[in-house]
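K.L.:
Each chain, written out:
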Amino acid sequence: MMDNKNVLAVLAEFKTPADLIHAAEKVNKEGYKKYDCHSPFPIHGMDDAMGEKRSPLGYMVGIVAFLSAAGMWFFQYWTSAVDYPLVLSGKPLFSYQAFGVAAWAIMVLSSAATALIGMLVLNGLPRFHHPLFYSDNFTKKVNDDGFFVSIEAHDPKFNPDETKSFLESIGGTNVELVVPDDEG
Amino acid sequence: MSSKNIETDASLDYQVPLIRGNPTFASITESVSKVTEAKTTKEWFVLFGFFSSLTMIMIGSIGYLIWEGTGIWGLNNPVGWGWAIVNFVFWVGIGHAGTLISAVLFLFHQKWRTSINRFAEAMTIFAVICALVFPGIHVGRIWAVYYFFPIPNQMDMWPNFRSPLLWDFFAVGTYFTVSFMFWYTGLIPDLATLRDRATNKIRKLILGVAALGWRGGNKQWKHYELAYLLLAGLSTPLVLSVHSVVSTDFATSVIPGWHTTIFPPYFVAGAIFSGFAMVMTLAIIARKIYNLEHIITITHLENMNKVILLTGMMVGYSYSMEFFIAWYSGNPYESFAFVNRAFGQYAWAYWIMVSCNVIVPQIFWFRKLRRSIPVMFVASIFVNIGMWFERFVIIVTTLAKDFLPSAWDYFSPTIWDVSLMIGVFGLFFTLFLLFIKHLPMVAMAELKGVLPQADPHFGHDGHEGESK
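Residue numbers (this note's numbering), protein chains in the order written: chain A, 1 to 184; chain B, 1 to 468.
Because the hints were derived from the structure by calculation, they are not lab data.
Some hints could be false.
Quick list of simulated restraints, FRET-style, between CB atoms [to be verified]:
| no. | chain 1 | residue 1 | chain 2 | residue 2 | range |
| --- | --- | --- | --- | --- | --- |
| 1 | B | Asn160 | A | Lys140 | 52 to 62 Å |
| 2 | B | Ala26 | A | His129 | 52 to 62 Å |
| 3 | A | Lys140 | B | Gln453 | 13 to 23 Å |
| 4 | B | Met56 | A | Tyr59 | 46 to 56 Å |
| 5 | B | Lys204 | A | Asp155 | 27 to 37 Å |
| 6 | B | Ser52 | A | Asp155 | 50 to 60 Å |
| 7 | B | Ala26 | A | Val121 | 29 to 39 Å |
| 8 | A | Lys34 | B | Ser53 | 50 to 60 Å |
| 9 | B | Tyr146 | A | Ile63 | 29 to 39 Å |
Calculated cross-link-like contacts (lysine-lysine; reagent style DSBU-like; alpha-carbon spacing at most 30 Å) [unchecked claim]:
| no. | chain 1 | residue 1 | chain 2 | residue 2 |
| --- | --- | --- | --- | --- |
| 10 | A | Lys15 | B | Lys111 |
| 11 | A | Lys15 | A | Lys34 |
| 12 | B | Lys204 | A | Lys34 |
| 13 | B | Lys111 | A | Lys53 |
| 14 | B | Lys111 | A | Lys140 |
Example chain A residues on the side facing chain B (calculated, C-beta under 10 Å, incomplete) [unchecked claim]:
| no. | residue |
| --- | --- |
| 15 | Glu30 |
| 16 | Met50 |
| 17 | Pro56 |
| 18 | Ala115 |
Where a beta carbon is used, it is the ideal one built from N, C-alpha and C, also for glycine.
Work out the full structure, taking the sequences as your base and the hints as a guide.
P.N.:
As structure tokens, this is what we get:
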């Protein structure tokens, strides 16, 4: 192996979703923080096993939904009744019932945009470089049929040799120290 | 749980594997990804050449329309809305099945949807693109379409938010954008799968950018799953709202035959009906060509046929209820409008509609016919035709004979109506061919998630990981 100073993360592979959950529980118990469990699909029960909190995305979307619906309603009132009042087919200037449709549409539109963009921001995506991409075994399998635990070097408890033997002790296979490729 | 059992068990109980042939995670990746990686076949090029030529016809027809104006169509004085609106409503309706499959069935935990949802969502997006062609061009003065948008303009005027035509613009515009975002969210993990399998540099680059650097960590899945759930939750009411708003284009007018309260639910049922028929037509072809019969199984198709039967009867109920209310209202104009539909100058169109939409789906009462590929393929084509005629009947027959007999006229399409309709079908299939060639047409990550071995309890009884 290479010089331990270059190590960016330790990566261990597990066989099945159940093994990954068991591993996650143990890594969490051991006190690691900067770790993640990678799988080709979301595994039920993994959040509990990792001690993850619920995503705040719901609140973000809820706030945006409320503000955008109210804002669009107000905007329609302002354009139709304040900025350029125009009587059309005898309807009231502030036809709040009729303004419901566009307010609804804008609410759905901005909430959906918040869900997508918020998800990306919370996940730190797009990010085209990540230490784990240095591992050929990882990139080959993680989106196909591989289950991995990664512990990053930022973690206060991280020590290349100890972390590696810890992951081996909990049943990880193909445990590797992730180091930058020579080509950079 | 043998494969024979799956063949015969249509109950879709959770215990029954949804996919046949005991696939592994890797075999799903392989069978779905290889479609996009294999050398392009000659057949694909032939089809692509054909449909993109039709798309060229569309572009030419639009060009001539902009040059000359809407007078090139068969519109006349009472029939101011012709095929452009028929096609618009037809295509928007097609889209609804995709949203129903991807969003509503997701919320109801219908796991069988995972085999067809990507496919159906793509269909939604392409159908809505086809629909959006029409409002863009049928206004006549295409250079003024920006009046739709509430942006400050040189006349200091704002759009009329009290008009259903503007509601329509907002509803369909939102529908397209939200469907696209939902689709893309679902694609991210699968694009990462393709990225990791890519061998040549250009593929690596394009897929790498499109996958946004996805690495499948649970800290990502956590936000991802909630985002997906929220998008499904936001799309679900769109299934009901979009076509309801489209129907208000008609229902808020005072034209007999249009001015009815049944329109919103009637349009929504018709939309789902026609959309499922279109998913069926496309899925039957694609699963055959790309050997995905073990993923999109006969049981999936049977389920769709049940939805077609149900919504077909809802549509049939609406047809009869319209007649009942026309009679019951005691309004002579209303009664005339409906008698005219069934027995007037466009009776042929009306009875094509009834035969295709009400009579044909009745064959799906029989299990044997529900599970017969040739039967369902033909039936789905009939439903597509019938639903196009439904919009034609609603729009053209109603306008052709309105209040004043002196204004009555007969609408006949011109060559430009026909060329535009054919051209837009070309656009739809061109986009679809590009999709099945370049993107994973089955949602791999989701499909893996519903396999029995994806359950953390699989083979590990007594584990309490999920028990909190």
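K.L.:
Are any of the numbered hints broken by this structure? If so, which, sorted upward?
P.N.:
2 and 15
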